[in-house]
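Whole structure, please, built from the sequences with the hints as guidance.
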Amino acid sequence: MDILLIIIGTLAFAVAAPILGCLLSGIDRIISARMQGRVGPPLLQPYYDVRKLLEKDRVSVNASEGIYITCALLFTLLAGGIFFSGGSLLMSVFIITLAALFFVIAAYSTRSPYAEIGANREIIQVLAYEPMVLLVAVGFFMAIGSFDVSAVLSAETPAIVKAGLVFAGFMFVLTIKLRKSPFDLSYSHHAHQELVKGITTEMSGSTLAKVEIMHWCENVLFLGWVGMFFVWANPLSWIIAIAVVLFVWFLEILIDNNFARVKWQAMLKWSWIITFFAGGINIMILAYL
Amino acid sequence: MGMIGFLIVFPLVAALLLLCIKNNTARNVIASISTATIALASIVLAVVYFGHDGFFVLLNPIIDYACSAIGIIIAICILAYAIRYKNLLAGILALVQVGAALVFEFGFAHGFEVQSGLYVDSLSLLMALIIGVIGSGICLYALGYMEDFQAQHPDSKDRRPVFFALMFLFLSAMFGVVFSNNMLWLFTAWEITTVCSFLLIGYTKTDEAIKNAFRQIVMNLLGGIAFVGALFFIAVNFNTLSFSDFLAAGVLNPDAAALPVLLLAFAGITKAAQMPFQSWLLGAMVAPTPTSALLHSSTMVKAGVFLLVKLAPIFSVSFIPSVMVILVGGVTFLFTSFMAISQANAKRVLAYSTVANLGLIVACAGVGTPEAIWAAAFLILFHAIAKSLLFLCVGTAEHHIGSRDIEDMDLLFERMPRLARYMMLGIMCMFIAPFGMLIAKWATLVSFVETSQVALIILLVFGSAATFMFWGKWLGKLAGIAGNPKNEEMTVHRSEWISILLMAVLVVLCCVGLPIISKFVIEPYIATVFADFAPSISDGNLIIASVVTALVVVVLFAGLGKGKAKKANVYLSGVSVNNDSRTFSSSLSKETEATARNWYMENIFGEEVISSIGTICSALIIGIALVGAVALAIGLF
Amino acid sequence: MSYLTKSPWVIHYDASSCNGCDIEVLAALCPGYDVERFGIINTGNPKHADIFLVTGSVNEQNIHVIKEIYDQMIEPKVVVACGVCACSAGIFHDCYNVIGGVDQAIPVDVYAPGCAVRPEAIIDAVVQGLGVLDEKAKALKAQKKGA
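Chains as they are written, first to last, in our numbering: chain A, 974 to 1262; chain B, 87 to 723; chain C, 3 to 149.
If you are wondering where the hints come from, they were derived from the structure by calculation, not from laboratory data.
All C-beta atoms, glycine included, are put in the ideal place defined by N, C-alpha and C.
Check before you lean on any hint, since a few could be wrong.
List time: in silico DSS-like cross-link candidates among lysine-lysine, alpha-carbon distance up to 25 Å [as the list claims (entries may be wrong)]:
(1) C:LYS138 / B:LYS652
(2) C:LYS69 / B:LYS652
(3) B:LYS652 / B:LYS572
Just the calculated beta-carbon pair ranges, DEER-fashion [as the list claims (entries may be wrong)]:
(4) A:GLY1010 / C:ASP73: 36 to 42 Å
(5) A:ALA989 / C:LYS147: 42 to 48 Å
(6) C:HIS66 / A:TRP1211: 55 to 61 Å
(7) A:VAL1012 / B:GLU493: 49 to 55 Å
(8) C:CYS32 / A:TRP1211: 38 to 44 Å
(9) A:SER1123 / C:GLY34: 35 to 41 Å
(10) C:ASP73 / A:ALA985: 39 to 45 Å
Far from chain B, some chain C residues (derived; all Cβ distances over 10 Å) [what the hints assert, rightly or not]:
(11) ASP24
(12) TYR35
(13) PHE40
(14) TYR98
(15) VAL100
(16) GLN106
(17) PRO109
(18) LYS140
(19) ALA141
(20) ALA144
Written out as structure tokens, the structure reads:
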């Protein structure tokens, strides 16, 4: 049954994604350190960080912020559950957008100057990446013939064959979605940013811990979207997909370490241009040829 | 059939009664009873007739003559205004229209007998529910609102009798539009809505109101003339004035139907304020808020899209009108969504979003597949509810904070806690999953993808991103919490609260009950128009959406503001003076307040840039389509 | 052991130093010393920080700022006075506008003297601060259980 599967999927995602996401984040920090000629933190450092945040005192600037964040985390888990249980890709996209909205409102609700700038920038980021993300779903449908992710399991060829340009466009906006430099405008992992901590300025303790966990889950979900392009009926394709996902993750870390942050104008302009051409041409080819 | 007649006649009687009554209390009583009666009657009608589609034999020459008489009265009314305010264009157009209509009625129309004057199907029942429940809810709201309005404009004459009479007349005309099968009656009802909105927009009689009212009448008269033109061609080519017969014949003979359908579509586009005619709906914002709410949600513009959705079967076989409608709708959706980003005036944001969503409905109608019609029907429903909720909230907020600027709605979450939550609900319903509007948009996207409408897909994805931006930042303004501002919503009228609550309950019920509405209301209509149909969104997904909706609503109304954490100050770089009011000591040791405005990105999404591009694009599309259709028509003879 | 000791995030405030100690603090945070090995991250936001590094002495201008940043940090938290000026106001102790060391404004947990303080000394002080942080964490836990 559809819904039962999604409930099970969401529960499984809620357990597995934080673990996977935490490890990915740990690997990210070690690789980044090596790229900078450092040893870097232990692999489980992100886990220690979150456990520490949970130990801190519970303080908040208003009574609503924490609730918004809890909702955002829940919706992220649901979006992941829908995707990994083979549900509708569009539904997953829409629910993750809902999570993004609650995250933004949480920051707005604090009415703090720094958090508000972060929230505004986050909205610009959504504006920049949302068209491409929707086109990913459209391209996926046109290549596989269904919005259901489970359809890849019976597909004769992987989506990448027909939707290569869409995938390329998605790679571009993925950097925004993963909050990596040069597009980490609203919130960054690194100390180098000038706006205190952007969208999370007023979040602390357990609320910040939830944001971290949400971020891990998001990363796993988005990398799942990457992997989805490379799976087809052949079970061996899973190995290829995982290899590609790991490679993309490495690539994102490399980009993160090699680019300075750009202005929002450049982000918006380039992501829309690339969306228009990469997505548009690919979809036109699929529609008319 | 008696029920339908009652729905058309009763508001008319109420309108006459309200026109004669000057006493405030009496008006409140009569209007309240009438709204309740209309709402109840439309619900009863829906319950009785759902699943019982059919036509009603009604052949009465008196009604035909009454229609001619109404047409003449309308023309005289417009002419009188045109002469008084020296607007030549409106006068000429009114004369042209009434002349053409009279020639048509006495020269052609009386040769045709339309056996069944009225009809009922699921779509018209859905529309009747929207008009009956939401429309009368807005009339109820207007009671409290207009009292404040009159109090705030003490020097202007109390013309509320006229106002309420027009509101009820509007409802009556709308019922006429959705139930008439005789196209002559349909046209008359159509023209009544045009003139009613003309009078309502010009209600305050300020220079701006008069100017905008004339802009509305000019554009809609163009549509009206196109409508008469379509009637000529239908009468000549198809020998009928029955809407249903025309639809059936048009599907079989798409080439002959191309020109009349195109003209009807043109009329629908003007009424639905699509580009290049969007400016009349923007101008209509000068009217008192209940008028805007009525025009935007349940009447006027919905008449336009209703007509287009009815024409959908012909669009699916007739190339030229279909392409015109699709492109105009898509272009309108994209550009008006962009322009909404640049607006700070809440009512203008709402207006642009209305035009954008109507664009989507228009595009769906043009695509004309069952999935697209499913999406269009839901877009109509959810847009009507959510938009009326938003307009009512903005109207109330305007009267209590003295501004309709979104920037002034800062901290509304604390200043007007109940109202802000209703407003947030309305906004969320407009643009975010899992609320109904987005489910409908989802179905729209699916139908575009399935019919390989590449241009529409591109327009839709970029427009949707813009939608997120302008709603998201407004939501952010509302959600702000700082200090302990005074509660300003104690003096809101009871009638306003009742209507707002009604709309909010409808939003939640319809969103949560979406799978049920789909099964029992929308799908039957589609099944009668197209043979086989399965909704493009599976039941499982719809159920998830309704569960998540319920969760969001619970959080919004029960969860927020109940956290138990210790209260902390916001970070102001360690130099705060008064943290509650966000003031800090600047580098010159001066007390400075930290404030933030939303982003409007005027230089990218400003009206001046976008509006001209959009107007040119859509005017070109319409022009080319018109030439094409005329060429096709000449080729046929 | 509390997880606080595995992930001490720091915030740095320059009160009124000659900038010598600030540069040393930043040097300590540079890749060369790789303090991320111990989970140390420079946050720039009191709400995220566990350890407050202050350089320079307290004067009339900055005493409120130090207090506010300290107040906005969330328990459990530790203050490290970096450099002799932060410890005791150093050679500026008898200036007309200087109040004294950081402990004149907020409670200081670890003193790291030096003019300028060496990065190694700062890292040592932070590691010592971890012990204090651990104790405070335990105290907070006990208090929460008691409440």
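Tested hints:
1. C:LYS138 / B:LYS652: Holds, at roughly 19 Å.
2. C:LYS69 / B:LYS652: It holds: about 19 Å lies between the C-alpha atoms, which stays within 25 Å.
3. B:LYS652 / B:LYS572: holds (22 Å)
4. A:GLY1010 / C:ASP73: 36 to 42 Å: holds (38 Å)
5. A:ALA989 / C:LYS147: 42 to 48 Å: violated (32 Å)
6. C:HIS66 / A:TRP1211: 55 to 61 Å: holds (60 Å)
7. A:VAL1012 / B:GLU493: 49 to 55 Å: holds (50 Å)
8. C:CYS32 / A:TRP1211: 38 to 44 Å: Holds, since CYS32 of chain C and TRP1211 of chain A (Cβ atoms, about 42 Å apart) stay within the stated range.
9. A:SER1123 / C:GLY34: 35 to 41 Å: About 51 Å separates the Cβ atoms of SER1123 of chain A and GLY34 of chain C, which means 35 to 41 Å is violated.
10. C:ASP73 / A:ALA985: 39 to 45 Å: Given a distance of about 43 Å, which is inside 39 to 45 Å, the answer is holds.
11. ASP24: Given a closest Cβ separation of 16 Å, the condition holds.
12. TYR35: At roughly 27 Å from the nearest Cβ of chain B, TYR35 of chain C sits farther out than 10 Å, so the non-interface label holds.
13. PHE40: holds (26 Å)
14. TYR98: holds (19 Å)
15. VAL100: holds (19 Å)
16. GLN106: holds (17 Å)
17. PRO109: holds (17 Å)
18. LYS140: holds (20 Å)
19. ALA141: holds (17 Å)
20. ALA144: holds (18 Å)
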